[in-house]
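Asker: Line by line, the protein sequences give chains A and B. First residue of the first sequence: 367, per the working numbering; consecutive thereafter. First residue of the second sequence: 42, per the working numbering; consecutive thereafter.
Bear in mind the hints are in silico, worked out from the structure with no lab data behind them. Treat the hints with caution; some may be incorrect.
Said to hold, decoys possible - Under the rule of at most 16 angstroms between Cα atoms (straight-line distance), these lysine to aspartate or glutamate pairs were calculated in the EDC-like manner: (1) B:237 x B:223; (2) B:523 x B:554; (3) A:513 x B:480; (4) B:512 x B:223; (5) B:67 x B:45; (6) A:451 x A:560; (7) B:97 x B:117; (8) A:548 x B:117; (9) B:154 x B:139; (10) B:237 x B:256; (11) A:548 x B:351; (12) B:565 x B:554; (13) B:155 x A:467; (14) B:154 x A:563; (15) B:67 x B:554; (16) B:604 x B:587; (17) B:67 x B:368; (18) A:573 x A:560; (19) B:158 x A:543; (20) A:548 x B:433; (21) A:451 x A:467; (22) B:604 x B:74; (23) B:67 x B:351; (24) B:155 x A:469; (25) B:155 x A:465; (26) B:604 x B:256; (27) B:543 x B:567.
Letter by letter, the chains look like this.
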Amino acid sequence: MPMQRAAASSCVQVSRRVALKAIGTGIGAVVALPWLSDAGLLAFARIQETNGPPKLRVLSPPQFEALEVLVDAIIPADDRSPGAKQARVADYVDLLLSENDRELTLQWIGGLAALDAEATLRFQAPFSRLGADHVDAILQSISHNEKAPRTALETFFVMAKEATIRGYYTSATGIHEELRYKGNQFLREFVGCETEDGKDCPHCGQKHIQL
Amino acid sequence: MQDDPTLNVNLTRALGESRRLADSIKPGSDRWDVIVVGSGAAGGMAAFQLAMAGVKVLLLEAGRMIDVRTEYRTMEWPYASNRRGRLPPGERPIAVAEYSFLDRPYGSNPAFKKHTKVLSYAGNQFTRNWVVDERQHPTTGTPYSWVRARILGGKTNFWGRGALRYGPLQFGAASRDGFDVDWPISYDDVKPYYDKVDVLLGCSGTNEGLIQVPDGVFQRPSKLNCVEVAFKRAIAKMGRHYIPGRAGVTTDGVLNNKYRARCAGRGRCGRGCDIQAAFHSPTALIYPARDSGNVTVRPYSIVSEVLLGEASNRASGVRVIDANTNEVLDFKAPVVVLGAGTLDTTRILLNSRSTRHPSGLGNSSGLLGCYLSEHLMGIRGSGYIPARIGTETTLDDGRPVSPYIPRFRNLTDRHPDFIRGYHFQGGGGCAEYPTMAHEIAGYGIAFKSSVRRHYPALISLGGFGEVLPRKENRVTLDATVKDAWGIPVLRFDYKFGDNELKMARDMADSIEEMLAAAHAEDIKIEREPLPPGWSIHEIGTARMGDDPRTSVTDRFCRLHDAKNVYIADAAPFVCGGTQNTTWSILALAWRTIDFLKERLRAGDA
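Okay, chain B solo, but in the shape it has when bound (with noise of 0.2 angstroms):
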């Protein structure tokens, strides 16, 4: 095989910390107040805020640890190997068309049988070390292309970094469309959460006084380059907003974390970055949570159920398969925090069954698995802005994540054909790799010198779509495939409806007519959608309520069916508008852990 620099990331220390992490920590070995379980944006977040009010917290994580110093690979360039980011022979991710043509589990497809790994479309040169083998994690039912990773703080080491908060028009939806039902709690109750996670962790935006996207307590804002310039002030005439993105990002630096530096204007935050400035919850949450001395972290903790006490209706811990040795092992502890990621969570819960609870824990109310819900991706617009057709490269791309259109439709007026509403993210200039190279005819001098035309002047932009919560779109335990571990999988029903396809229709025409707007030139409009799950935003399998005959959790995520059993993830979620899910999570989950210490210091946990 080709000898590959970029494939040469030294894992040793990490794979040595796992193997001794794992070896040392076993049931009994300590006590510990709190089992939490998972390690992303939910579990770290959980950990963090346990491990600094004093509680003793077992943090499990399904995966390895990661050498934050080693697996950030932020600024190699394309060229470092001459695969130019093809991923080795024998790995190779699931292709976006693959996802609804191929038969489930995607993994055993006779189309991989030459493939030793089979990634998910999240797998690349460097994501590959994380994201999972879907071989090892089938799933089956309709297509979906869910992304799990299983590494020491998940998706976060790879997450987009759009950090948008949900406001009254999420919390209280049903009230303006009569569809489902309002969250149990409003905006005021999560507001001083957003804030505090903003302050907390770093977050980079403008406030804008828009109801659709509340402000924050806001860091250094990206600027807008000159195409976007050009774009904003065109649809600003059609009273629409063109705003900075919004970043789970420092970009002035955050108090009380050694690990972290500011931003440095890089961007392929997506690769994760070196210098810690994006939100990665190993050095935001979980190595600060643990210089407390109040957390241990066990890696290779693949937590298969979580085990009910035989006198009441409280957990008495997890059982755990070690990702090795296939152990298992039987964690105890007061209180469980389940925060692997709404849908391995969900899937936990419906594992977790006895004679009580034959349905899985959690699950009395028959809706545990229901309500999936996520955004509808896919539909996109470019063109070029004339402006800069012809001009020299600028730097256009130094900073984390790119403008965004927020939401406009349902604000006041009422569209004929579909409820809630949708938002783009997008921009343009100059970019490392001129995608648009592959758009423009012809060959020689001619060709290379019109890319050269364009390269500064391209705009795209991309919809986020609400996926309306509905109770047939769900998952299950599979009856008959399990994972490498023997653990049922999941098996999902879903897909989108009526609603979401009358408005990606009318996402495709709205940006369509704001790059006309802008006058941009050779117009492309995509109007398909992605596979289900191609946001990574999914939500709603273990919905919040006040009535436990209608919901899975109360309002602060603990289940209704189990006292001490508490969610972080977004697993509670009821709907979850346009917005990117991640600063939602880290927003509700420290408002339970805050509920959660007051139950403890009542004794009553």
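Bound-form chain A, shown alone (with noise of 0.2 angstroms):
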């Protein structure tokens, strides 16, 4: 039905343009961010509004700013998607902390420290201030047992990395721009493998056949 999917997009355009310009975002993100819903627009917008220095609850500046580094060498920025940093999982675990056993909040701000510690070992700065090399040095010495971590830095790096998934891929940016999900929308009909449909499927390769 290409006709109402051409019409019902049309709608959606102009609901974005007017919430769009209710919030105050400029019209360059209804653009760029072409699989958004308005719902998933709305809620980006206003994490791009908000995105000046948080309000910590939990982690005092210095230790959110390596965090800011970890998170970001966990999931980085690529040509497709900005990484942890952007998609603010750094506030994510901050509030995670601000409501949990203090216990939990010192195995981070532990793992925290013992990161600083390395970082000076080897590079003469605390983690935050390191260059990609010497980050990138560090994640591969601490992530090289992550199936069984042993030292207390490899704990550490389990953790941190099973909250930046979490934090990141719930993220509007995970979702909509990295991960380009196409559900949760008002369909007609799903559609699913075109094989389904008696077709060959341009996303699979896979052939029509009649089982």
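Mind docking these for me? Both chains are given alone in their own frames, and the hints should help you get the complex.
Answerer: Put into structure tokens, the structure is as follows:
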């Protein structure tokens, strides 16, 4: 039903323009994020809007800075999408810690301190001041035994990676820009693999066959 | 506390309506022909069928009314809150492992001493206002992950939407393998009711001609996505089927229901469907029943026992404890239909003790509470389908349920290790959250692009195995522990047996074999069962039969001990195959009520 799809798409554009105008975000975002639903775009715009200095709950500014470097090293920006820093994963972790046992906070603060100690020992600077090569050198060594971590730093890496994955792929950036997730929208009918409709499928290369 | 828009669900209307109804409906405030206990699939269907026949019904729900306009947050994105789905401080669901190693009652375990609300594993940001607080609703005995919802519609507000029928292999299971007894009724007795449920409520699926899961009157089916087609083709060579999931969701629309729209392909049915395409008892059954003018709904009505008339072996009504005021209210009616859910119905009957029925009403056989059964879950397998590795994102999850591998064991052959069988449910492709990211090693650009490459290719399936109905798997009333309203709680004595554990091993081997046949990469197999109760498919604790010495109800789900007490939920089920339970509850409840209507017409209820 191409006609209906075109009509629906134009409605979405109008409502986005209105919505974005209402919250004062540039129209460029509409073009840059065509796969985002209205709700998603609004949320994305809100995040961009508040992209100022975060209000920290648990972590100190230097700890937060080190965490931002760490999460962005785990999931960095590339030519497809921003990384974990821009997706505000560190904010997510700070909130997580503020609502959890003190023991968990101590594990994180201890992990960040250990990271700084390692950075200072190897490169004579705190972790947040390291260049990309040095950050990578440290991550290489602490991610080595990911499946069965042995040292405190290796354990911290696993914990930080888990939280980064959770925070990043539940963010608007992770869902819409990185994964380009297409679901959670009103469909006339779910299509699925096109072989199901008797055609060859362009997405997976499978040919239609009658079983 | 962090301001969280996802927690600010406006319940003012629902709470106000609930208080108003509870305050105004009292014993004697009206006359009712039938009291129905519970408003989920069972109670909803019972109330609907009675109301449409002009019977005056008092429908008692232990929880509050629901506001279907605000409480189903179907399309909410995870980033609507920076908690990303985590419950707010003070609230916590019980974790998988905790079910097995924490002492019962779970809610009062020191592990939760800092929490104000302890939820079953089904508690999440969408269900937290519906599922019960384990502190108020303890259980004792062996580990059991009992999920309860006290809210109009009960668990139908968030059920998994899997709508499968039992077939001849379930109703006549004992005749095939010699274990236990057959149901006293056959598939032919229930088939017309399954058909009518399909038409009334809407069921999406495909006709496949398989005896292990009979066809229905289906609406537009879901389709398989790319990885699923690859998997289907691979296992077809093994003689196995992989068919579109059958869902209790209307994809073409239903007649005569102004509350429901057809499916719009968003997935996420388990949060509650805000356009009511998925079957929820409130909009599909209770609101239309109430519109007839024949149903009075009283929320906050916790039924503690069925009251027995002094003169005869007949119930005179039920005792209600008001959930808010603790007021004790005895509601009277000529007939009582229990649809509180298998285990709560059993608990009410066990607690209905009198001089004539000292161990509970319906328990003359001594079997009330025995034969607890459900499905063993947790055995699952996953892998990546090569054809989709490195391809672009497609829309793969816009449908109610995943596809389904119907049972293939003990159909024509006989497995050397176990009787009965299992099925698998699951699918793959691009989902909102890339769970497999947690399995991918490394960090940085390489990690991120590996997640992206594997994202469309994941396929994952989990098994549902029949737990044999065994007399020793049972619930009783705990001698000392009571709930927040002073009602004795259930004590579980339930565990998986040798047959289930051998079946579980075969499940793991077979899913591995099937994933290998599909040339899946990086196959991972989970071989450990989830804790008992995980399936939320509990059945059997008031089993039906023709002999009052070996059963609790007759073949129309009427107590042998009290001819005006009926059970509409799954407590009378003899065995449950591998199929999800809801559609059978709806069909059997309709059949039971048809029988009751005839008795009412004949003046013999």
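Asker: If a hint holds in the structure, say so; if it doesn't, say that too.
Answerer: Verification of the hints:
1. The hinted pair formed by residue 237 (chain B) and residue 223 (chain B) fails the criterion: a straight-line CA distance of about 24 angstroms is larger than 16 angstroms.
2. For the suggested pair residue 523 (chain B) and residue 554 (chain B), the alpha carbons sit about 48 angstroms apart, so the restraint of at most 16 angstroms is broken.
3. Straight-line distance between C-alpha atoms of residue 513 (chain A) and residue 480 (chain B) comes to about 9 angstroms, which keeps the hinted pair within the 16 angstroms bound.
4. About 15 angstroms separates the Cα atoms of residue 512 (chain B) and residue 223 (chain B), which keeps this hinted pair within 16 angstroms; it holds.
5. Pair hint residue 67 (chain B) plus residue 45 (chain B) does not hold up; C-alpha atoms about 39 angstroms apart against a cutoff of 16 angstroms.
6. A threshold of 16 angstroms between alpha carbons decides the hint, and for residue 451 (chain A) with residue 560 (chain A) the separation of about 38 angstroms lies outside it, so the pair is violated.
7. Restraint check for residue 97 (chain B) and residue 117 (chain B): the C-alpha separation of about 39 angstroms exceeds 16 angstroms, so the hint is violated.
8. Under the criterion of a C-alpha separation no larger than 16 angstroms, the hint pairing residue 548 (chain A) with residue 117 (chain B) is consistent with the structure, at around 14 angstroms.
9. The suggested pairing of residue 154 (chain B) with residue 139 (chain B) holds, with an alpha-carbon distance near 14 angstroms, which does not exceed 16 angstroms.
10. Distance hint between residue 237 (chain B) and residue 256 (chain B) is fulfilled; the C-alpha atoms sit about 13 angstroms from each other, no more than 16 angstroms.
11. Proposed proximity of residue 548 (chain A) and residue 351 (chain B) is contradicted: the alpha carbons are some 64 angstroms apart, above 16 angstroms.
12. As the CA atoms of residue 565 (chain B) and residue 554 (chain B) are separated by approximately 11 angstroms, the hinted pair is consistent with the 16 angstroms bound.
13. As the CA atoms of residue 155 (chain B) and residue 467 (chain A) are separated by approximately 10 angstroms, the hinted pair is consistent with the 16 angstroms bound.
14. Taking the CA atoms of residue 154 (chain B) and residue 563 (chain A), the gap is about 55 angstroms. The hint is violated against a cut of 16 angstroms.
15. Under the criterion of a C-alpha separation no larger than 16 angstroms, the hint pairing residue 67 (chain B) with residue 554 (chain B) is inconsistent with the structure, at around 60 angstroms.
16. For a cut-off of 16 angstroms, the pair hint linking residue 604 (chain B) to residue 587 (chain B) stands: about 14 angstroms separates their Cα positions.
17. Taking the CA atoms of residue 67 (chain B) and residue 368 (chain B), the gap is about 10 angstroms. The hint holds against a cut of 16 angstroms.
18. Straight-line distance between C-alpha atoms of residue 573 (chain A) and residue 560 (chain A) comes to about 9 angstroms, which keeps the hinted pair within the 16 angstroms bound.
19. For the given pair, residue 158 (chain B) sits about 36 angstroms from residue 543 (chain A) by alpha-carbon distance, which is inconsistent with the 16 angstroms threshold.
20. Simply put, residue 548 (chain A) and residue 433 (chain B) have alpha-carbon atoms about 11 angstroms apart, close enough for the 16 angstroms limit, and the pair holds.
21. For the hint pairing residue 451 (chain A) with residue 467 (chain A), the CA-to-CA distance comes to about 24 angstroms; that exceeds 16 angstroms, so the pair is violated.
22. Straight-line distance between C-alpha atoms of residue 604 (chain B) and residue 74 (chain B) comes to about 15 angstroms, which keeps the hinted pair within the 16 angstroms bound.
23. Straight-line distance between C-alpha atoms of residue 67 (chain B) and residue 351 (chain B) comes to about 22 angstroms, which puts the hinted pair past the 16 angstroms bound.
24. Taking the CA atoms of residue 155 (chain B) and residue 469 (chain A), the gap is near 14 angstroms; set against the 16 angstroms cutoff, the hint holds.
25. With a C-alpha separation of about 12 angstroms, the suggested pair residue 155 (chain B) and residue 465 (chain A) falls inside the 16 angstroms cut-off, and the hint holds.
26. For the given pair, residue 604 (chain B) sits about 34 angstroms from residue 256 (chain B) by alpha-carbon distance, which is inconsistent with the 16 angstroms threshold.
27. Between the alpha carbons of residue 543 (chain B) and residue 567 (chain B) the distance comes to roughly 15 angstroms, so the proposed pair stays at or under 16 angstroms and holds.
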